[in-house]
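For the protein sequence lines, the chains are H and E, in the order given.
Residues in the first sequence are numbered from 1 upward in steps of one, following the numbering used here.
Residues in the second sequence are numbered from 1001 upward in steps of one, following the numbering used here.
No lab work stands behind these hints, which were simulated from the structure alone.
This one's a predicted model, so the numbers in the text were calculated from it and none came from an experiment.
It is possible that some hints are incorrect.
As the list claims (entries may be wrong) - Under the rule of at most 30 Å between Cα atoms (straight-line distance), these lysine-lysine pairs were calculated in the DSSO-like manner: (1) E:K1046 - H:K43; (2) E:K1095 - E:K1106; (3) H:K65 - E:K1048; (4) E:K1106 - E:K1023; (5) H:K43 - E:K1048.
Said to hold, decoys possible - Listing some non-contacts, in silico: residues in chain H with all C-beta distances to chain E over 10 Å: (6) R16; (7) V23; (8) Y32; (9) P41; (10) L45; (11) N53; (12) Q76; (13) T78; (14) S88; (15) I103; (16) G108.
Just so you know, even glycine gets a beta-carbon here, dropped at the ideal spot from N, CA and C.
These are the residues of each chain, in order.
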Amino acid sequence: EVQLVETGGGLVQPGRSLKLSCVASGFTFNNYWMSWTRQAPGKGLEWVASITNSGGSTYYPDSVKGRFTISRDSAQNTLFLQMNSLRSEDTATYYCTRGGRRIFDYWGQGVMVTVSS
Amino acid sequence: DIVLTQSPALAVSLEQRATISCKTSQNVDNYGVSCLHWYQQKSGQKPKLLIYEGSNLASGIPARFSGSGSGTDFTLTIDPVEADDIATYYCQQSKDYPRTFGGGTKLELK
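Generate the whole structure from the sequences, applying the supplied hints.
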């Protein structure tokens, strides 16, 4: 059974940093692209970042480019999202998702990030 | 960016057919494959993949769900609608970066 478990969310002040983690199990982690997708309270879905299965390439929308960094540790089957210079508009539930080259076929339960002073 | 447009809400009766539309600002077909996918999100839950590449049913999804369309016009059909299908439905494109989602269509009961 595919499982994606996110940790690291919480309340953070504007301008500060936060790092999310996602532990994956139930599939061969090295074979899949991985991504982060977020959802602001009461809003729709927004893709945040993707990383290739090798970790050699990463992709971001302009809204987070230069502030967020996606990475992966294949030895620990773990996906990361380093978020710097956080803004109030980054407040959202962040989902770890398998895929990103085409589809997002499995989603974690999500972790809440609140950016507020 | 490719913009995906969905109607905000759709009211339907149980056991009737629901048709949810997704229109894209650019052609999202690539070498004959539609790079358009559908997700279901129930209230308070994570999204779930329903349909990929326009018309392919994801694993474990019941056959009352179907997808159709090509180019810039796509449709998700639920027939017949069951009470468990009340949710918000999102389309998503993978033709280009950034990956984008539609705003979602909330399926409601009449």
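Looking back at the hints listed earlier, which ones does the structure fail to meet?
Of the numbered hints given earlier, those the structure breaks are 10, 15, 16, listed in rising order.
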